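Student: Counting with this note's numbering, you get residues 1242 to 1703 for the letters of the sequence shown.
Since the hints were derived computationally from the structure, they do not count as laboratory data. Note that the coordinates shown come from a computational prediction; the quantities given were computed from them, not determined experimentally. We put the CB at the ideal spot given by N, CA and C, even for glycine. Any given hint could be a false lead.
Simulated restraints, written as ranges between beta carbons of each label pair [stated by the list, open to error]: (1) F1378 - F1332: 13 to 23 Å; (2) P1580 - V1461: 50 to 60 Å; (3) P1580 - E1506: 12 to 22 Å; (4) H1364 - R1539: 37 to 47 Å; (5) P1435 - H1369: 52 to 62 Å; (6) V1339 - L1317: 24 to 34 Å; (7) I1562 - L1479: 38 to 48 Å; (8) H1364 - L1479: 37 to 47 Å.
25 Å max Cα-Cα, derived PhoX-like pairs, lysine-lysine [as the list claims (entries may be wrong)]: (9) K1303 - K1436; (10) K1436 - K1308; (11) K1480 - K1436.
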Amino acid sequence: MDQNVSNGIDGSNQSFLKNETRTTYRTGKPRNVPEWVTLCAIGSVHLFSAMCISLQAPFYPKEAESKGATATEYGLVFGIFEFVAMISSPFLGRYISVVGAKTMLCCGMTLAAVSAILFGLLHYVNDHGFFLSLSLFLRMLEAIGTTSALIAAFSITAALYPDTVATVFSTLEIFYGMGYVVGPSLGGLLFSIPKVGGYVLPFLVMGIAMMMGMLLIYTVVPPINAEADDNVSMFDLLKIPALLLDSVCTVATAITMGYLAATLEPHIREFGLTEVQNGFLFVTSGFTYAITAPLVGRICDRFEGEEKLDKLKRTLSLGAIFVITSYVLIGPCPYTIIPKSLLLCILGLLIHGLGISCLMTPTFIDSICSAIAAGMPNDLSTYGVVSGLWSTSFAFGAFIGPSVSGWLFDLVGFQFGMFFVITLHFSLFLMITFFLAFKRNIWQEVASHDLEKRGKDFDEFN
1242 MDQNVSNGID GSNQSFLKNE TRTTYRTGKP RNVPEWVTLC AIGSVHLFSA
1292 MCISLQAPFY PKEAESKGAT ATEYGLVFGI FEFVAMISSP FLGRYISVVG
1342 AKTMLCCGMT LAAVSAILFG LLHYVNDHGF FLSLSLFLRM LEAIGTTSAL
1392 IAAFSITAAL YPDTVATVFS TLEIFYGMGY VVGPSLGGLL FSIPKVGGYV
1442 LPFLVMGIAM MMGMLLIYTV VPPINAEADD NVSMFDLLKI PALLLDSVCT
1492 VATAITMGYL AATLEPHIRE FGLTEVQNGF LFVTSGFTYA ITAPLVGRIC
1542 DRFEGEEKLD KLKRTLSLGA IFVITSYVLI GPCPYTIIPK SLLLCILGLL
1592 IHGLGISCLM TPTFIDSICS AIAAGMPNDL STYGVVSGLW STSFAFGAFI
1642 GPSVSGWLFD LVGFQFGMFF VITLHFSLFL MITFFLAFKR NIWQEVASHD
1692 LEKRGKDFDE FN
């Protein structure tokens, strides 16, 4: 076997690790107004996708209760979104090279927009069973639409800006964070407008805004070269230990975010904060993430050469340490002399946001680099499948996190329940350390040999 292949990096793919892409797509960060407009258009996908998830939070429960729905029933309407995103992501990522990234993005935005508008019209459905069934069905369509758009947006980002994927990815995550925070606020504001407000208006405005965003994307986003190897699958990626570890990191990150989202409010209730103060406390971690993610992304993009992959993994291990530290302060950790205080909670949330930045930002770029280093084609098919794997992992963690946290909170409380998150991230730290100690080249060689054999079998078949 050729020496380069034995190291898991063939000649054509080694350039990717040196930030010299071999693709024909545009490289580098945005340099002029049209490219910045393109980046903002892609960012709108992340903004609207997050708003779709969070928009109805302030008023849908009351509307559902007026139709006779219980908390368990309308809670399922909220939870079904991440579940559908989790099971649909592998298929969407697998066939993006067949459909086309831009086509999938525009179709996904359109489906989500129409679903949002129809979700608003549920106000006129009075039958309890019919209301709940339509709510679940439209929420599932909305999940498929937004997941399609997000996977396509990730793939387009990797194709247009391969030299600075981490920086651009972290910048786009700011749009997602803004949407997640702004969604409930904007929804509540539109709902409360005198005379014209109400249940229908927030969804109508959301749907129209998404359609306008889709038209902007269709106009400004350049076509992506669709020549790709559609023989790449998610199972091929999961044979690469580095990508499997990245997926575990993504799941763990989503779990820690979901744990706090579900249990932080009852944990800090003894401080007697107002709703507004609680709101500010909740966005502390997200605000820190929004500020630090671009910085972490820029640092990751500066990693060069064959050590790039190892440095990305070390960044992940640092993020795991930050998350563990944050929970020790927020709890605080039982059997320690650390007292429970509002100041320590705020400090812990700030550190938590930094930890999320170090965990979220490197996983996507490391997954792409590791896939190509193991012999995957440097084209849209790989970008799409990697995007699908990343989305599946995050949705799985986002689905598991709140569910497990609520059960643990009822069973043992926040301080003892948080050992689940601490143990998870400590195990993650040990796995990364073990991975780096034995060097990924040993496993990359196995993955490269497997992919090489798959390619030969495919050639013989043809």
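Student: Taking the earlier hints as the rules, which of them does this structure contradict?
Tutor: Checked against the structure, the hints that fail are numbers 5, 7 and 11, while the rest are satisfied.
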